Structures are given as C-alpha cells and as structure tokens.
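Participant: As they're listed, the protein sequences go chains U and A.
Counting from 1, position 82 in the first sequence corresponds to residue 82 in my numbering; the numbering is continuous, with no gaps.
With positions in the second sequence counted from 1, the corresponding number in my numbering is that position plus 1000.
Hints listed in this document are in silico derivations from the structure and should not be mistaken for laboratory results.
Be aware that a few hints might be false.
[Unchecked claim] No farther apart than 20 Å at their CA atoms in a straight line, the calculated lysine to aspartate or glutamate pairs in the DMTMM-like style are these:
hint: 1; chain 1: U; residue 1: LYS254; chain 2: U; residue 2: ASP103
hint: 2; chain 1: U; residue 1: LYS254; chain 2: U; residue 2: ASP48
hint: 3; chain 1: A; residue 1: LYS1037; chain 2: U; residue 2: ASP128
hint: 4; chain 1: U; residue 1: LYS165; chain 2: A; residue 2: GLU1147
hint: 5; chain 1: U; residue 1: LYS34; chain 2: U; residue 2: ASP14
hint: 6; chain 1: U; residue 1: LYS287; chain 2: A; residue 2: ASP1066
Keep in mind that this is a model prediction, so the values were computed, not measured.
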Amino acid sequence: MSRRVCVIGIGHTDFNSITPDVEWKELMYESCQKAYVDAGVDPRKDIDSFITCAEDYLEGFSIFDEFVPDQIGAVLRPCCTVCGDGLYGLGTAYMQIKTGLMDVVSVESHSKISDLLTLGDILLHAFDPVFERPVTGPVERPRYGGSPEYTKEDPKPLVGSTKEKQRVHPYFLAGMEMQDYLRTSGTTEEECAEVVVKNKMNAFFNPLADYEAKISIDNVMGSEYLFSPLKRLDISPNVDGAITFVLAEEKTAKELGVDPIYLSGFGWSSETPWLSTRGMSADYATKSSQMAYKMAGITNPRKQLDIVEVDDRFSYKELQHLEAIGLARPGEAGQMLMEGELAKDGAIPTNMSGGSLGIGNCFEATGMQKALEIITQLRGHAAKRQVADAEVGLAQAWRGIPSGSGAVAVFERGGA
Amino acid sequence: MTFLEKQTDPTTPMHWNGDMQADYFYSNGVAGDKFFKHLMKKDTFLASECPKCGVIFIPPRLYCEDCFCDIPDENWMEVKSQGIIRANTTAMIDAHGDPLEEPVIMALIDIDETDGAMLGRVKTEILDMDLCGLTVKAVLRPKNEREGTMKDILYYEPY
Ligand SMILES: [Zn+2]
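Hey, can you work out the whole structure from these sequences and the hints?
Facilitator: This is the structure in structure tokens:
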C-alpha cells in the first residue's frame, strides 16, 4: 500500500518588521518548539530527519547548514539544508517519507531579513555577473551599509572603471515584468492596486500579519512609481519570522492521535536564468501546478480547490500566478478580483492570510507562510477569516527577484 | 516566545556589526570572451544559432538550452547592435532604497535578427513610461576606450 504523507504539526513565531531583541537561532528554536508541541513529538527521539531552507547570502554567513542542528533539535541526526523556498523543503520531506526511509520529518524556514543591511546589493548578486549585473551600475558598491569603516561621505573605494556611483535597485525587474503582464493580459494598474487593498484588509483577521492596513485603490495609485508601472505600495515590505512543520507517514500520525492534513500533490519547476530567453508569464508556476495537480488527482482546479495562497510579493504577481496555475483564464484574474471572486465567500478565496502584502515578505519562508495558512484553514482554525467547508487547498511559491523558480503544494483534509 | 525570559527594555538589545568581504573574478567564458573581444574591435554583436532548433542566442552561448546540444563555431554570426524594446521600466531608487540622482530607464531589448535580448539602459527624451516597440541602437564607447565588458555598451538610444 502506498504511504501517504501528512502534516501533523505547525509552529510559527510572530512576524515583525524588526526583531532586534532575538537572534535568528532563537526565532528558529521558537517555531520548532511550537511545531513539536503541536505534533506531540520529542525531536530528540521521534523525528527521523530535519530539513531547513535558507540562502547563505540572506543569512549573512557561509555554509548555513552547519549552523542549523542545535536550534532545531537535530544535533548528530540526519539533517540537511535546501537552498530555496520552504516549499522545496516540504517536497524533500515528502520524498523522504514516501520512500519509506523516514517516518517523521521536520521542515523549517525563516526570515531574519532585518539583519541584512544591503539587501539590494545581495539581490543584484543574483543577476548574471558578466552580461546583466554590470548594467545595473558599478561593479563594487560605492558605500558599505553596515560597516563603520565606510560612510556615505567616505565611501569604500570603487573597483573597476566607471563613472556611475549608484546601482539600480534589483526590483526594476519586477517593474519590467509588470509592464509586460499588464500589456499582454489587459490587466489594469487599478486591478493590481485592488490586490494590495484586499490583502492588507485580509491581514486584519490574521494575528501573525504585520502590515494590515485600511487603504483604498487611490492610496495605492497615489504612491510613487519606483519602477514604473510598479508603485511603492505594490511591493510587499520585509518581515522577520520563522515557520516549522512536522510531517509524518499516515500510520504514525494516527498513532500520535493528531488530525492529519494530507500533502497530496507537489510540483516544482525552474525557468532558464537568462532574461534573454526567459518568458515573462510565470511558466514555472504553470509547470509546477500541472505536476502537483496530476499527483493530487486534480483535473478541474477551479472546482476542486476550496482555497489558495499564491505568491503576491508584488501585487501583479497574485493575478499572474492565478492565471498561470489555471485558476483564471489569461487576463481574467483582475476582473475576478473586482467581482469579489477572490474574497472569502468568492469562487476562489485567495490569500486570506493577507499574503506577503499583508503579512510581509518573509523571503525563503514565503512558501511556508502560504502552506501554514492552508493547513490552518483546512484544520478549521482560521477564526474570522475561515473559509467555510475548506477541504482542499493549494500553496504556491516563487523564489522572488530575479528568479524564475517556483513550487506548488496541494493539501487535503483527512477523510476528504 | 517559548523562552521564560525576554528582553523588555527596548534600549538594551545589542548587536555585532558584521562585514562580509566577497570579491570575485568572474571568467567571461568561451562564449563571453568571443562576444566581448569582438565588441572591442567592431560596433556589432555576435550571436550563435542552435544547429538543431535554429534558435539564435544573444548573449551568444556554446550550447542550446532547449536541445542541450553544442553550438559549433560555424554557427556564430555577426548581428547589428540594435533592436526593439520588449519591456522597460523607469527605476527611481538605488540598491539602498535612496533616490537615484537621475531616474534610469532599464530595458530588455530584442536584438534584431536574433531570438534573444540584451539588458540595457535607454536614454531618450520620450517621456512615456511604456517604450515597448521602440527601435533603439547601442551607443558604444569609443573603440580605444573599450575594455571588453558590458560597460563598453554605454546605453541604447532611439533611432
Ligand atoms: Zn536548440
């Protein structure tokens, strides 16, 4: 008989714009401890394998996986780090359990992005170094944000011959992609603004959200163009926080007496990194959703999915992703939004958590935040934002600028 | 927070200010060297065509990402350093979030006679936010100042 994989425990910290009182390890410890208590497991005895998801440059030190075991209960145990979004960690756990190698696996991802003083430079480091990065500005940064040795008045000396003093912020790429999306789909800037309005409103009903706000389309439209047509309020602000899941094989879950939520489908896909040959229509989302739908036996996603969380780190991304994963026809997502179809009582409740626009951009924990909301909803624990009779839900992740990679996970309530 | 003790005085949390030295020497590679060494002498670009599917790559590559096959030397070609804007944006802030001294128009430019595109800066008097479809040509450094990097392409301008 085929082994079924389910989520048996979830834990998360509060999400805050800054967390100067705690270390990143303490954030991880807290979310792990909460998830282990929720699942009723002792990590030193009951968990067979530990997975974290992180990117060295965002963390601020090299070889991140070496810094992991102590704060998650994994010292001298099978432990590895996936360099990617948290959903990739869920997929890795799924495979470890499915093969029969492991019975109980924990997955952790987090953001301590407020520790990073030069995020723009780090993301520019993810552009092709020979053909693309030099176009954004000087090879060396003209000043060194965090170092006391270099100030704006007395900057670090430049390397390489260039007269430019400033580097363009890497989110310019989202501005270009948004322009392409609006033109090819017929979506308007106002419809994208409504995504911000909706998600920041949804965030009022999610206690972990940090960026809830009552704003109007006019507020978003009135915020300044940073990368036209992308405006300041179209961009999700950064947030710190950690999320941990415990996954287990069905039999173990039943022995522990927890109400399991099944991970019934998973898919992932990577676009070419070359801007020159890459599409601008989130093909990574289309491909990964097709793989996940097939595994989960979903033939009509619009009908079969009760709730979805899609990446909305830039407002247009929510609409683009809904179209890419087959929940809206090309160019229709904006209209569906305006007609209320993406609201709690609509046909496809989307980002009820508040999404990245309402909670904050938690970087490699973003996909886990999406999955956390789906698990909470399928458990029926979402209080005022609870979607009635939610039995099947989808979490979609994108790795952010400048990547073209993403993953999709489908979850089902036990007995569904 | 699962700890019994927490910091409650906001004036006391301390930190260590870290500094990461990370400097690199990026090889252009075989395809990159060919492209940039050509650009030091000529005002045109080099592109490479997949022998199987016929896709013409710029920036040029030694292999096709679709067919996963080699692109041989005889499949390289010279193309004009001009094209049509596929997508553009006007960037207002720098990597630290501070205003740029002057807004920068970043664009992805579909290069004529190829299936590829180059990322570039555009200088124009046109004030429209949307420059898609505009034909632009590369403005290059004077030949005696070229160094064999992307900096040899100063910007693109309408023609
Ligand atoms: Zn080919």
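Participant: Going through the numbered hints above, which ones does this structure break? Give me the numbers in ascending order.
Facilitator: Going through the list in order, the structure violates no hint and respects every one.
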